[in-house]
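Chemist: Here the protein sequences line up with chains A and B, keeping their order.
Counting from 1, one number per residue, gives the positions in the first sequence under the UniProt record's numbering.
Counting from 1, one number per residue, gives the positions in the second sequence under the UniProt record's numbering.
Since the hints were derived computationally from the structure, they do not count as laboratory data.
The beta-carbon is built from N, C-alpha and C at its ideal position, and this holds for glycine as well.
Among the hints, erroneous ones may be present.
Which chain A residues face chain B? A few, computed with CB under 8 Å, are given here [what the hints assert, rightly or not]:
# : residue
1 : L248
2 : R255
3 : E290
Okay, the calculated bits of chain B under chain A, using three or more residues with CB under 8 Å as the criterion [what the hints assert, rightly or not]:
# : stretch
4 : 82-88
5 : 134-146
What follows is each chain in one-letter form.
Protein chains: 2
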Amino acid sequence: MEIVESTITLKLPEGSNEVLLKNLYLSCDPYMRNLMSYIEGTKDEGFPSYTPGSPLTGFGVSKVLESGHTNYEKGDLVWGFTKWEEYSLVASTSILFKIEHTDVPLSYYTGILGMPGMTAYAGFFEVASPKKGENVFVSAASGAVGQLVGQFAKLTGCYVVGSAGSKEKVDLLKNKLGFDEAFNYKEEPDLNATLKRYFPEGIDIYFENAGGKTLDAVLLNMRVHGRIPVCGMISQYNLTQPEGVTTLANLIYKRIRMEGFAVFDFYHLYPKFLEFILPHIREGKIVYVEDIAEGLENGPAALVGLYSGRNVGKQVLVVARE
Amino acid sequence: MEIVESTITLKLPEGSNEVLLKNLYLSCDPYMRNLMSYIEGTKDEGFPSYTPGSPLTGFGVSKVLESGHTNYEKGDLVWGFTKWEEYSLVASTSILFKIEHTDVPLSYYTGILGMPGMTAYAGFFEVASPKKGENVFVSAASGAVGQLVGQFAKLTGCYVVGSAGSKEKVDLLKNKLGFDEAFNYKEEPDLNATLKRYFPEGIDIYFENAGGKTLDAVLLNMRVHGRIPVCGMISQYNLTQPEGVTTLANLIYKRIRMEGFAVFDFYHLYPKFLEFILPHIREGKIVYVEDIAEGLENGPAALVGLYSGRNVGKQVLVVARE
Ligand SMILES: NC(=O)c1ccc[n+]([C@@H]2O[C@H](COP(=O)([O-])OP(=O)(O)OC[C@H]3O[C@@H](n4cnc5c(N)ncnc54)[C@H](OP(=O)(O)O)[C@@H]3O)[C@@H](O)[C@H]2O)c1
Ligand SMILES: NC(=O)c1ccc[n+]([C@@H]2O[C@H](COP(=O)([O-])OP(=O)(O)OC[C@H]3O[C@@H](n4cnc5c(N)ncnc54)[C@H](OP(=O)(O)O)[C@@H]3O)[C@@H](O)[C@H]2O)c1
């Protein structure tokens, strides 16, 4: 990744039906690494692809400066796909939603009120079908998605344990985010034993963010009729040879449903999601931890940091505050 | 396994509410290997456990000689759990169903009309939710379960390809069982390429019987919103260190549902299943291939043969014909 400067004219080209945006907050998301590799059979499956030499695309919160499309007008705040630059000219279809509620931090639309929020909501409520009293385990638990899954689980009356990669994150999970228990997976030499300790009766729902070794150990600890919404496998994204998962026969013995999902299959639920989550935010019943990097020039480091766990909470990149 | 002879009195003990059975057909089933190892957390989960030194238990078709339980009477034909012996004294709860239809071969109640038939029915229709025109792949396709899945897929209007371990089995699949295509997986050095050849547009439903390398290659070839009913992973049952599956991230990219299931969760559908399948058998629209071994003394070899693919079709063991 490199930073390129150039001079532009802030004006919509004559006759264009595109939208000229001023980018405010950009979102650093793990899937961006995957788009940099080729994934067979998934082209055109919801994400814009990357062209070497062109700016990255990604989720962001932007302000409309000029619009060639009747759906948008100057001054609108929007979130959706934009480019990693100060100003962007985008197709109106890149914009996903107009922002109607501004009594909450605007940056939230890259996180709790944006794609990661919808991911946690869809994966937990729609895919995992949680029931009160069930045992829930979340990996990458302090991250953009995980911290919400844990809080949703508590709201549902579940027992929830999270794993994360540092003491600071573990403290956050237990003391701020309301997880019943949390542990630092990097300090657990035998994950199977660790999970047995936290889940003597087994796991009903494993919200899968990590993949690899974590999944291998979790499958040994699932309960009959357990569910594994497969949200991500971040531990595998940078490997040329992914780790092998050896415990899949437990899917049969325990009759487990393991289901991959993608947030963009659930965007039709966004209004319902906002109705659910906004009151919880306003009343302080759901909190959200952000990790804010300032300035486009710090974008590459912030993005790369996701894969080593440098971020504490949702990684946001501020381009401009208004 | 060893054969033991002893003399018994064919009489129900005074006051017993058990049932005295004459065993006719015994079923050789892959799960029996698993019961010989310990599977964490699955004790009492539907299968009787094994005690070294005691006769194996397994599915069988038996005739009631004497009954201490009001549900059964002398002369009834039944199927359910019995022991690998000529005569067995069993708890009435071991018997799963009374046999009402005897215009079809009695041995069928170990296969197409018994546990494997219900397995194919539940796994395909209930777990995989097939739709006309979908692409279906079945491993261990000529076996007790697989041969039915293929025929159910054809009845549903799907394109179906099966894999099996010999030329004889491949011919059977294509010429007798109505699969669109079939291949011998032992002669395919690159399963991923093989699947691409048979499924240029990808697989909608993979009926998983094999596990390991097959699953690894299949995941690369699944279509978006594909389903994998996980019935068995026979390639892994005899390994001390199971093979690692490295392609699970495709669950996310393709939003795949992979679901383990156990036939005993579906026995309530048995009457509905019989209603569906009996007419098809009588009209010759569904056929069933059996591999019949004669005599208890040939039981151990027949059972062990499952794990090397010696059986061609459902492996039955005849103890007595009536
Ligand atoms: N399916 C969908 O539609 C969808 C949508 C959004 C996100 N996702 C997925 O959801 C997961 C979480 O995303 P997010 O946005 O919430 O990211 P995040 O958790 O905010 O950031 C990534 C975190 O992953 C953890 N991590 C990095 N390498 C790891 C490894 N080798 N093993 C275990 N954990 C590791 C790090 O936390 P630690 O310090 O705790 O290791 C890091 O902070 C990702 O897998 C992502 O791909 C899926
Ligand atoms: N979930 C449930 O409730 C349930 C119920 C019944 C059965 N099952 C499972 O369904 C599967 C099929 O059972 P079945 O009764 O129909 O058995 P079957 O197919 O009649 O017999 C087993 C067959 O498995 C194949 N096989 C053996 N080793 C293999 C390997 N290393 N790789 C690939 N294939 C191998 C052999 O056929 P080839 O010559 O083609 O290799 C063998 O003939 C098994 O995995 C079983 O555990 C599950």
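Chemist: Now tell me if each hint is right for this structure.
Modeler: Structure-based check of each hint:
no.: 1; hint: L248; verdict: holds, 6 Å
no.: 2; hint: R255; verdict: holds, 5 Å
no.: 3; hint: E290; verdict: violated, 24 Å
no.: 4; hint: 82-88; verdict: violated (count 0)
no.: 5; hint: 134-146; verdict: violated (count 0)
The structure is inconsistent with the numbered hints 3, 4 and 5, although it conforms to all the rest.
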